[in-house]
Amino acid sequence: MKKRFIITVDGGTTNTRAVLWEQAQVVAIAKEEVGVRNTAIDGNNHRLKCATRRCLESLLEQRGIGYSDVESVIASGMITSNVGLVEIPHLIAPAGIEELAQGLRSIMLEDICPLPIWFIPGIKNDCDRVTLENFEVMDIMRGEETESVCLIEHYGKGQPLVLILPGSHMKMVSVDAQGRITGCMTSLSGELLSALTQHTILADAVEKKFADSAHYDQEMAIRGFRTAQAVGFSRACFSARIISQFVDKDPSQIASYLLGVTLGEDILALRRTKSILAPRDVHILIAGKEPIRRAMADLLREDGFFSHIVSYEDAGAPISAQGARLIAAHRRAY
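Numbering (the working numbering), first residue to last: 1 to 334.
Read the hints as simulated data drawn from the structure, not as lab findings. Every residue, glycine too, gets a C-beta built ideally from N, C-alpha and C. Treat each hint with caution, since some may be false.
Across the chosen pairs, the derived CB separations fall in these ranges [as the list claims (entries may be wrong)]:
#1 Arg37 / Asp314: 23 to 31 Å
#2 Ser68 / Leu268: 50 to 58 Å
#3 Gln218 / Arg332: 41 to 49 Å
Simulated crosslink set (BS3-like; lysine-lysine; CA at most 27 Å straight-line) [stated by the list, open to error]:
#4 Lys289 / Lys249
#5 Lys124 / Lys49
#6 Lys124 / Lys289
With the hints as extra help, turn the sequences into a complete structure.
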């Protein structure tokens, strides 16, 4: 009897998510608020293993099936790092779905599940020897390669792309016309925005809340972007407090301003970095949640350097899970 189900697991810094697929349909989702950060803190991956096991068991229970019904378990993300479940070496760019499928590693972890787990490798930029003269050329990803596979499949091949993947660490991924990942660039903008919002003097100005889709203010985001361009990141950040004290703007509007300040640094980096190829005529595809996705599109258009800007509308299933399923299907085609 043909097994109808596969499981994809995405292990990040703070969360572990698993998705049960029946053919191309999502039939169950499970999440645990445990990630590789816990391994780094604890000095071992016991909690991460337990969280992964609970996610898998939850999927089976939700659907009323057993492991005998599952064809394969595919895992990606930071759980393939030295603080994850098992360390899988990065592939070297350029690499596309074929290289990722060929790079899958099957490892038996019986304390997690009775099936072998197929781990998707991350990708690193092609830089033979990193020195103080060229270190900005180097970058790495674990997990974003599966998201990229999904977006490339959605957008199609034939032209170079830059994929923008917001998160705790903003990731920008360059893709060639053949659909291969040629490099990535990472920033700390997500963590910086979190720190500014909750752990600085600006917390009062925004009431410790991020900009949300219901109250996103395009004009204030652009003002934050332009202020940072004019006087620098640090001064523009503090100016959020000045606005709070002396201008009639509510905390949600100031949060949009602060979002514009922070994302503006990523746009500057995209234009100047040597880690990826981002010429003026490249097609930019923005993923992620609102309002960050909309804000990034607004600021890129305001900046005016890039002319082809498209937003990816989420189809429901996490794009990391969609990408992992595509890689698994490509492996089966061999």
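Outcome of the hint check:
1. Distance hint check: the CB atoms of arginine 37 and aspartate 314 are about 25 Å apart, consistent with the given range 23 to 31 Å.
2. For serine 68 and leucine 268, the Cβ-Cβ distance of about 53 Å falls inside the hinted range of 50 to 58 Å, so the restraint holds.
3. Hint check: glutamine 218 to arginine 332, Cβ distance near 45 Å, so the stated range 41 to 49 Å holds.
4. Of the pairs offered as hints, the one joining lysine 289 and lysine 249 holds, with about 24 Å between alpha carbons and a cut-off of 27 Å not exceeded.
5. Annotation: proposed proximity of lysine 124 to lysine 49 holds, straight-line Cα distance about 26 Å (limit 27 Å).
6. Proximity of lysine 124 to lysine 289 is assessed by CA-CA distance (about 25 Å); at most 27 Å being required, the pair is judged to hold.
In terms of the numbered hints stated before, the structure departs from none.
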